[in-house]
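Colleague: What follows is each chain in one-letter form.
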Amino acid sequence: MNAPVDMTNLHDCRDAFSKTLEALAGANDDIVTVCNDSVGSSKMSGFREKFPQRLINVGIAEQNMVGVAAGLANGGKIPFVCCASPFLTGRALEQIKADVAYSQTNVKLCGISSGLAYGDLGPTHHSIEDFAWIRALPNITIVAPTDSTETAAATRWAAHHDGAVFLRLSRVGVPDILPENHRFVAGKADRLNEGDDVTIIANGVLTHRALLAAQLLSQRGISARVLNMATVRPIDSGEIIAAAEETGAIITCEEHTVFGGLGSAVAEVVVQSCPVPMKFLGVPGIFAPTGSANFLLDEFGMSPQGIADSATVLMKKRASA
Amino acid sequence: MEIDELIATANRIRRRDLQAVFDAGAGHIGGEMSVIDILTTLYFHTMNIDPSIPLSPNRDRLVLSKGHTACALYVTLAEKGFIPKEEISTFLKPHSRLNGHPNRVKVPGVETNTGPLGHGLPVSVGMAKAAKLDNASWRTFVITGDGEMQEGSNWEAIMCAAHLQLDNLTLIIDHNKLQQGASLADTNNVAPLVPKLAAFGWAVEEVDGHDMAQLRMALDADAITIGKPKCIIAHTHKGHPISFMSDNVMWHHGVPNAEQYNSAMAELLEAAQ
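Residue numbers (my numbering), protein chains in the order written: chain A, 1456 to 1776; chain B, 4 to 276.
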């Protein structure tokens, strides 16, 4: 078992993102940001102060925002589009498809405050379809970092990667769970807890909850493997197949609808390579009721207790099969 | 290039386009005929481009936002030397890189993949901004259809270009007054376009979109207004100059039968004399 998760010190990963981007931009004049009146909500005030010419705020116009980014990439720039994820991925989806994915432009789509982060602002502001929408498009790497360390590492990777990236970021406070020297490798899951009874796969704001669930399961005598699956496309098939073969049951946790997201991506591998019982935790195909992000995650069965209980039920189901 | 050479080149491009659409049994011949004089002027007079270095960082950019008239672009690119002329015979054939809408990854000289309308202008704004950030002198040209101006994304980009003072950006609206199913006026009449673009802060000029001399002058760098993006409203005729196609909405994506093909080709050959 890893060191216990320290829940006393939580971080907003936007801070790591903006700090890292400013450092990258200081070393590379081609890095620019494109915003939709989202300078504050993307924490880009520092970037604007340091590089006023290189922050292009197109106003509240997301279709134009993504098109402009594709054009900047054509002109040799490395644009980081910083926009609330529901509006980036929903409003500008066709621009993402045609101007970024199909045109193969070097655009970094940074979905800020993704998932249920906007909580009680309601379903219009929830971005719980973005994995499904972007995952259906070729040529875009999808990454949902889990803490400040991984956010910084993934941002650095995105800047150096020649190709489109969807970086799915949150504003919900999360603990540090990865070591400071953590190296982000796109398409590789991190095995954060060894275990052979069941595997919990999560990313973003849910990985630390999966680790807490593993601790609860350990108290019940169940050894749960925990995978941090930050990259959703391309997915780490090898680690998923190993989990299926070695633990025999998989539970996925996502801040997303259970239709088409992380659970679906994992299941696509499992059913074709090594079918085992699975449980999908996520938003169950409804528009969420009023509540904060953390309230809603608990509500949808993704408190550490909820995850642990689902894992226990899944194991019983497997035993009786 | 001299005017008579431009006219002869446009005529050649029209004939090859007509033949390609006839052979393929598909295409958007009406809009192709209306845009060919604009494409010819850009590629053979205005733009600084070198087909041997299609991705030269300082090339001028052309975005054909009305991507459904791709065949006209392919024939123009072939005429200019970006792709082999004989490749035009593969238009729309299985696995040809010349599909119904242009692809920048596959076809040298294409800058961005267009098809859904209202995409080219925002992308062009980004290109022009990139040149400004580098203090580079290359220019960005984008061609939209007039029906395409019904897309809201264009107006987002129009506001943005004016705000960013992108005087290195030129929008040419192929104003043939017909869209897919009916006239612009009967569908959602965005005309008159001049006052709208002017109100949004653009320098606007109207030309006869089939008059190479007027097009050449309007597209020249010295016709730029410092600090303002430029819009050229090119008054054109869908299907021009083929008598039975001109201004007839059925030729948006009509395909000529053998008799019509021969008749249209004869008209174009006669015009070439």
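I should point out that these hints are in silico values taken from the structure, not numbers from a laboratory.
Among the clues, some could well be false.
Claimed, not checked - With a Cα cut of at most 30 angstroms, we get these calculated DSBU-like pairs of lysine-lysine:
id	chain 1	residue 1	chain 2	residue 2
1	B	135	B	109
2	B	83	B	109
3	A	1505	B	231
4	B	83	B	96
5	B	231	B	135
6	A	1505	B	135
7	B	199	B	180
8	B	135	A	1474
9	B	231	B	199
Claimed, not checked - Not close to chain B: a few residues of chain A, all C-beta gaps over 10 angstroms, as computed:
id	residue
10	1527
11	1675
12	1678
Note that beta-carbon positions come from the ideal geometry of N, C-alpha and C, so glycine has one too.
Colleague: Run the structure past the numbered hints and jot down the numbers of the failing ones, going up.
Modeller: 10
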